[in-house]
Amino acid sequence: QKEVEQNSGPLSVPEGAIASLNCTYSDRGSQSFFWYRQYSGKSPELIMFIYSNGDKEDGRFTAQLNKASQYVSLLIRDSQPSDSATYLCAVTYGGSQGNLIFGKGTKLSVKP
Amino acid sequence: EAGVTQFPSHSVIEKGQTVTLRCDPISGHDNLYWYRRVMGKEIKFLLHFVKESKQDESGMPNNRFLAERTGGTYSTLKVQPAELEDSGVYFCASSQENYGYTFGSGTRLTVV
Numbered sequence: 013q014k015e016v017e018q019n020s021g022p023l024s025v026p027e028g029a030i031a032s033l034n035c036t037y038s039d040r041g042s043q044s045f046f047w048y049r050q051y052s053g054k055s056p057e058l059i060m061f062i063y064s065n066g067d068k069e070d071g072r073f074t075a076q077l078n079k080a081s082q083y084v085s086l087l088i089r090d091s092q093p094s095d096s097a098t099y100l101c102a103v104t105y106g107g108s109q110g111n112l113i114f115g116k117g118t119k120l121s122v123k124p
Numbered sequence: 014e015a016g017v018t019q020f021p022s023h024s025v026i027e028k029g030q031t032v033t034l035r036c037d038p039i040s041g042h043d044n045l046y047w048y049r050r051v052m053g054k055e056i057k058f059l060l061h062f063v064k065e066s067k068q069d070e071s072g073m074p075n076n077r078f079l080a081e082r083t084g085g086t087y088s089t090l091k092v093q094p095a096e097l098e099d100s101g102v103y104f105c106a107s108s109q110e111n112y113g114y115t116f117g118s119g120t121r122l123t124v125v
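Chains as they are written, first to last, in this note's numbering: chain A, 13 to 124; chain B, 14 to 125.
What the hints contain is simulated information worked out from the structure, not anything from laboratory work.
Heads up, a few of these hints could be off.
What the hints assert, rightly or not - Below, in silico cross-link-like pairs of lysine-lysine (DSS-like), each with a Cα-Cα straight-line distance of 27 Å or less:
1) K116(A) / K57(B)
2) K14(A) / K54(B)
3) K14(A) / K67(B)
4) K119(A) / K14(A)
5) K68(A) / K79(A)
6) K57(B) / K79(A)
7) K68(A) / K119(A)
8) K14(A) / K68(A)
9) K54(A) / K68(A)
10) K91(B) / K28(B)
11) K79(A) / K119(A)
12) K79(A) / K54(B)
13) K116(A) / K68(A)
14) K91(B) / K57(B)
15) K119(A) / K57(B)
16) K54(B) / K91(B)
17) K67(B) / K54(B)
18) K123(A) / K54(A)
19) K91(B) / K67(B)
20) K91(B) / K116(A)
21) K54(B) / K28(B)
22) K54(A) / K54(B)
23) K79(A) / K116(A)
24) K79(A) / K14(A)
25) K119(A) / K54(A)
26) K119(A) / K54(B)
27) K91(B) / K64(B)
28) K28(B) / K57(B)
29) K67(B) / K57(B)
30) K54(B) / K116(A)
31) K14(A) / K54(A)
32) K54(A) / K57(B)
33) K57(B) / K14(A)
34) K54(A) / K116(A)
35) K14(A) / K116(A)
36) K54(A) / K91(B)
What the hints assert, rightly or not - Label pairs and their calculated CB-CB ranges:
37) Q30(B) / G53(A): 20 to 30 Å
38) N78(A) / S71(B): 23 to 33 Å
39) G53(B) / K54(A): 14 to 24 Å
40) G72(B) / Q43(A): 11 to 21 Å
Note that the Cβ used here is the ideal one computed from N, Cα and C, for glycine as well.
Start from the sequences, fold in the hints, and give me the full structure.
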């Protein structure tokens, strides 16, 4: 059973702080890793994807992947109230044809 | 470009009735996916089309669910007869490069 685990939260951080979201996955065959943001009642929106060990930065967002530890994280720098949402970690096992396996999501709240 | 469109956005039906959900992917996207989120659970994969062919239907819960994608454009997901446990949010997603899917806003199905 392939699983993706996330703390459900809520994770509360003050405006301007760094928010750190974590995700572990069960199967070493995982190939691609995604972070989605979902506002209440809306569709998941892709924030970042990462395939290789290490860090990948895009604006205020940094994804970190450690395949040996089966761990992927998302850092949000200079957090804003508009970042308040549920963040979903997802992995694929089938390469470019892979279907997403999601975690339950971590609810982030950024306090002004 | 227009995003992934799903309708209806909400549907309330009685147990035993039939419901058909529709998804219009982004124009030109060969890959179309159906996912479902049951309350309190993670988003789960149901089915993957490549053009009009079913690439993977391993996530379909049972034979009460039927998905079609005639002509490789829009897709329908029919539930017949609906049961209480079918309630949830049904998401459709499409992609062309097979990464970074774009999700629709979902159909919230309530079976009473």
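Here is what the structure says about each hint:
1. K116(A) / K57(B): holds (10 Å)
2. K14(A) / K54(B): Status holds; Cα separation ~15 Å.
3. K14(A) / K67(B): holds (22 Å)
4. K119(A) / K14(A): holds (22 Å)
5. K68(A) / K79(A): Given that 27 Å is the threshold and the Cα spacing comes to 14 Å, the pair holds.
6. K57(B) / K79(A): holds (23 Å)
7. K68(A) / K119(A): holds (22 Å)
8. K14(A) / K68(A): Roughly 25 Å between the alpha carbons, so the hint for K14(A) and K68(A) holds.
9. K54(A) / K68(A): It holds: about 26 Å lies between the C-alpha atoms, which stays within 27 Å.
10. K91(B) / K28(B): At roughly 14 Å apart (the allowed maximum being 27 Å), K28(B) and K91(B) satisfy the hint.
11. K79(A) / K119(A): Holds. K79(A) to K119(A) sits at ~24 Å (cutoff 27 Å).
12. K79(A) / K54(B): Distance ~25 Å between K79(A) and K54(B) Cα, so the pair holds.
13. K116(A) / K68(A): holds (23 Å)
14. K91(B) / K57(B): holds (17 Å)
15. K119(A) / K57(B): holds (18 Å)
16. K54(B) / K91(B): Judged against 27 Å, a Cα distance of about 22 Å means the pair holds.
17. K67(B) / K54(B): Distance of about 25 Å is within 27 Å: holds.
18. K123(A) / K54(A): With a Cα-Cα distance of about 21 Å, the restraint between K123(A) and K54(A) holds, given a limit of 27 Å.
19. K91(B) / K67(B): holds (15 Å)
20. K91(B) / K116(A): Holds, at roughly 25 Å.
21. K54(B) / K28(B): holds (21 Å)
22. K54(A) / K54(B): The given pair, whose Cα atoms are some 16 Å apart, holds under the 27 Å limit.
23. K79(A) / K116(A): holds (20 Å)
24. K79(A) / K14(A): holds (15 Å)
25. K119(A) / K54(A): holds (14 Å)
26. K119(A) / K54(B): holds (14 Å)
27. K91(B) / K64(B): holds (18 Å)
28. K28(B) / K57(B): holds (22 Å)
29. K67(B) / K57(B): Since the Cα atoms of K67(B) and K57(B) sit roughly 17 Å apart, the hinted pair holds (cutoff 27 Å).
30. K54(B) / K116(A): Roughly 6 Å between the alpha carbons, so the hint for K54(B) and K116(A) holds.
31. K14(A) / K54(A): Answer holds: K14(A) to K54(A) is near 26 Å, not above 27 Å.
32. K54(A) / K57(B): Roughly 16 Å separates the two Cα atoms, so the pair holds.
33. K57(B) / K14(A): holds (12 Å)
34. K54(A) / K116(A): Given that 27 Å is the threshold and the Cα spacing comes to 15 Å, the pair holds.
35. K14(A) / K116(A): holds (13 Å)
36. K54(A) / K91(B): holds (22 Å)
37. Q30(B) / G53(A): 20 to 30 Å: Once the Cβ atoms are compared, 24 Å apart, the range 20 to 30 Å for G53(A) and Q30(B) holds.
38. N78(A) / S71(B): 23 to 33 Å: Holds: the Cβ-Cβ distance is about 29 Å, inside 23 to 33 Å.
39. G53(B) / K54(A): 14 to 24 Å: holds (18 Å)
40. G72(B) / Q43(A): 11 to 21 Å: holds (18 Å)
Against the hints set out earlier in the document, no violation occurs for any number.
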